[in-house]
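Protein chains in written order, with the numbering used here: chain A, 325 to 615; chain B, 90 to 403.
The hints are simulated quantities; they were obtained by calculation from the structure and are not laboratory data. All C-beta atoms in this analysis are idealised placements derived from N, C-alpha and C, irrespective of residue type, glycine included. Check the hints yourself; a few may be wrong.
[To be verified] Derived CB-CB ranges, DEER-like:
1) A/S474 / B/E178: 32 to 42 Å
2) A/V512 / B/R318: 27 to 37 Å
3) B/A138 / A/S474: 30 to 40 Å
4) B/R318 / A/E386: 53 to 63 Å
5) A/P527 / B/A227: 49 to 59 Å
6) B/T133 / A/S562: 51 to 61 Å
7) A/P369 / B/A227: 29 to 39 Å
8) B/T133 / A/P369: 25 to 35 Å
9) A/V353 / B/S361: 39 to 49 Å
10) B/R306 / A/S390: 52 to 62 Å
11) A/F373 / B/G173: 29 to 39 Å
12) A/L362 / B/V103: 35 to 45 Å
13) B/G214 / A/D376: 43 to 53 Å
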Amino acid sequence: MTAAVTTVTRASRRAAASGRPRRSVALYVSLGWLFLVLASAVLAPWLGFLDDPHRPLAGQPEEGPSWSHWFGTDQLGRDMFARSVWGSRLSLSIAGPAVGIGVVVGGVLGVVAGYFGKWIDLAVSSVVNVALALPALVFALFIVTMLGQSFWNVTIAVTILTIPAIARIARAQALRFAAREFVTVASVMGARWPRLLFREVLPNVVPALASIAFLAMGIVIIAEGSLSFIGVSVGSPSITWGNILAAGRGRLEESPHIALTTGGVMFATLMALNFVGDELLRRLDVREARI
Amino acid sequence: MLRFIGTRMAQLAVVVLVVTLLFYWMLNLLPGNPCVAAFGGAATPEQIAECEQDRNLDNPVIVQWAKWGGDVLTGDFGKSYLTGRTFGEAITNALPRTLLLLAYSQFLALAAAIPLGLWSGYRQGSAGDKVITGGAFALLSAPVFVVGLVLILVFAVKLDWFDLSGYQPISEGLAAHFKVMFLPAVALAAGLLPIYLRLLRTDVIGTLQEDFVGTARAKGLPVRMVLLRHVLRPSSFTLLTIFGIQAAQAVNGAIVVEFLFDLDGVGSLLVSWVAAREFLLVQTLVALISAVFVTVTTVVDLVYSALDPRVRRR
Chain A
325 MTAAVTTVTR ASRRAAASGR PRRSVALYVS LGWLFLVLAS AVLAPWLGFL
375 DDPHRPLAGQ PEEGPSWSHW FGTDQLGRDM FARSVWGSRL SLSIAGPAVG
425 IGVVVGGVLG VVAGYFGKWI DLAVSSVVNV ALALPALVFA LFIVTMLGQS
475 FWNVTIAVTI LTIPAIARIA RAQALRFAAR EFVTVASVMG ARWPRLLFRE
525 VLPNVVPALA SIAFLAMGIV IIAEGSLSFI GVSVGSPSIT WGNILAAGRG
575 RLEESPHIAL TTGGVMFATL MALNFVGDEL LRRLDVREAR I
Chain B
90 MLRFIGTRMA QLAVVVLVVT LLFYWMLNLL PGNPCVAAFG GAATPEQIAE
140 CEQDRNLDNP VIVQWAKWGG DVLTGDFGKS YLTGRTFGEA ITNALPRTLL
190 LLAYSQFLAL AAAIPLGLWS GYRQGSAGDK VITGGAFALL SAPVFVVGLV
240 LILVFAVKLD WFDLSGYQPI SEGLAAHFKV MFLPAVALAA GLLPIYLRLL
290 RTDVIGTLQE DFVGTARAKG LPVRMVLLRH VLRPSSFTLL TIFGIQAAQA
340 VNGAIVVEFL FDLDGVGSLL VSWVAAREFL LVQTLVALIS AVFVTVTTVV
390 DLVYSALDPR VRRR
């Protein structure tokens with residue numbers, strides 16, 4: 325018996341050891357990249373080496389990447405690296421509050437639905453399922469044009485997109501933990517529902533929600549990017565990743581670096597967000613959230 | 090079976106009612122007179138009065154909505170106040186483009202995801218599997234407009250294999266048609282492929298543990314046959330389910346892809362109508378889109394129960 329147990333642990337330890345270092349390296353690289361993007365977005369106004377993103381003729385117009393202009397310049401000679409960083413500033417300051425609100429609202433809805441079940445679950449689940457089955461961009465488009473293309477309206481529109489997806493995962497997690505022994509034990513010991521919900525179930529759902537936040541961040545960045553790409557996000561003088569790409573689309577032939585550099589930064593950021601989110605979910609063994 | 094279809098039809102009706110009512114209610118939150126907005130500020134007082142009459146603006150939201158619903162049911166889908174073009178004209182022009190785009194991209198995504206998913210699940214942990222899953226992960230993180238821009242840059246601008254000149258119908262010749270439709274379809278498929286692939290791979294890894302797979306191998310069936318006949322078949326349910334769920338996702342992508350490739354499909358129609366505040370048309374289009382979605386999910390469920398009799402009994 326003991327021998328069998330040790331073999332199992334040794335085998336599983338070996339399985340765990342192989343493959344883990346490389347994953348960890350990728351995880352740290354992703355976290356490092358995210359930190360870099362976040363730091364440059366936050367500190368953009370105070371970074372001395374960063375050009376003014378609106379200043380024309382910071383360099384020769386439509387020049388490829390060089391030492392003085394890392395991402396090249398656009399047709400007005402504006403520095404594309406500065407524009408990219410300032411674009412991330414706007415995209416991230418929309419994604420941040422959107423995901424924050426989405427996690428809180430979606431999390432509460434999902435946990436309440438999963439924990440209480442019955443008609444509450446039925447109500448929440450049917451709304452969530454309908455919302456998930458409809459093309460989200462149509463609604464975002466509608467909300468933004470209706471309310472006007474301002475920072476907060478775009479934030480509201482993309483926040484609404486995140487809530488149903490997060491609620492679905494939170495519900496599944498709550499269901500899973502509500503059935504666990506420690507909850508039953510607490511209930512048998514006389515705990516009422518507020519205690520069960522807030523002290524037993526909720527703390528177990530929070531780590532999953534935190535990792536979902538990374539994935540949701542990616543979804544929101546893509547959603548905001550799509551909106552500004554088709555010209556329905558925050559208005560024109562503001563710089564977003566999406567409108568840099570939309571502008572770069574017209575100049576693909578002459579200066580592909582405009583679209584490629586910012587597109588590359590965006591892609592790397594999304595990949596890092598997805599990787600961190602996926603990896604956290606894997607370590608927490610959350611299956612419902614995959615994809 | 091009939092009862093099943095009946096329930097689903099009722100659900101369909103409820104969803105469309107709720108969604109359109111919601112939109113109508115949101116429209117009424119809009120500051121200013123929608124009729125003034127609809128003419129782009131260049132309307133005579135008579136035109137505005139006619140429009141207000143037309144849309145029952147004095148009445149409560151629910152009455153306006155009911156009027157709109159009645160018009161739609163009697164075949165009056167509304168027309169643009171600005172251009173005079175009717176909903177029917179616009180949609181018959183745009184719908185085939187979007188449907189073809191969606192069909193091509195789904196086909197491409199499945200055609201690539203099925204062999205790749207089967208193989209990477211079968212050879213789990215191999216170098217090839219790692220490349221495939223890594224590639225799928227990268228594609229999953231790439232927004233459709235970035236993929237589309239790279240495709241345009243490489244295949245249309247540098248290599249000049251494809252056209253960006255806007256939509257060409259099949260009647261203009263298959264070559265011309267695919268010269269404009271291929272890249273958009275690939276761009277859209279690039280987002281769907283990793284989702285199908287990852288699901289199929291997970292499924293395959295599970296199915297390969299089953300006894301019947303061992304039996305099929307033991308009786309001497311070649312690996313290819315085992316994978317196609319015994320492993321893929323149970324996974325078809327998963328693929329079908331995710332197909333239904335992803336349909337909505339695909340339309341999000343289609344809006345962006347149509348914009349990127351100047352295709353003037355339903356997505357472009359929606360964007361331009363929303364921008365021009367043609368809210369009656371938007372309303373009808375949104376109702377149509379939501380109806381199509383619920384129909385797709387219903388059809389998926391029906392196929393599901395045709396494939397698996399156990400579902401019917403629930």
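Status of the hints after comparison with the structure:
| no. | hint | in the structure |
| --- | --- | --- |
| 1 | A/S474 / B/E178: 32 to 42 Å | holds, 34 Å |
| 2 | A/V512 / B/R318: 27 to 37 Å | violated, 51 Å |
| 3 | B/A138 / A/S474: 30 to 40 Å | holds, 32 Å |
| 4 | B/R318 / A/E386: 53 to 63 Å | holds, 57 Å |
| 5 | A/P527 / B/A227: 49 to 59 Å | violated, 35 Å |
| 6 | B/T133 / A/S562: 51 to 61 Å | violated, 36 Å |
| 7 | A/P369 / B/A227: 29 to 39 Å | holds, 33 Å |
| 8 | B/T133 / A/P369: 25 to 35 Å | violated, 49 Å |
| 9 | A/V353 / B/S361: 39 to 49 Å | holds, 42 Å |
| 10 | B/R306 / A/S390: 52 to 62 Å | holds, 59 Å |
| 11 | A/F373 / B/G173: 29 to 39 Å | violated, 56 Å |
| 12 | A/L362 / B/V103: 35 to 45 Å | holds, 44 Å |
| 13 | B/G214 / A/D376: 43 to 53 Å | holds, 51 Å |
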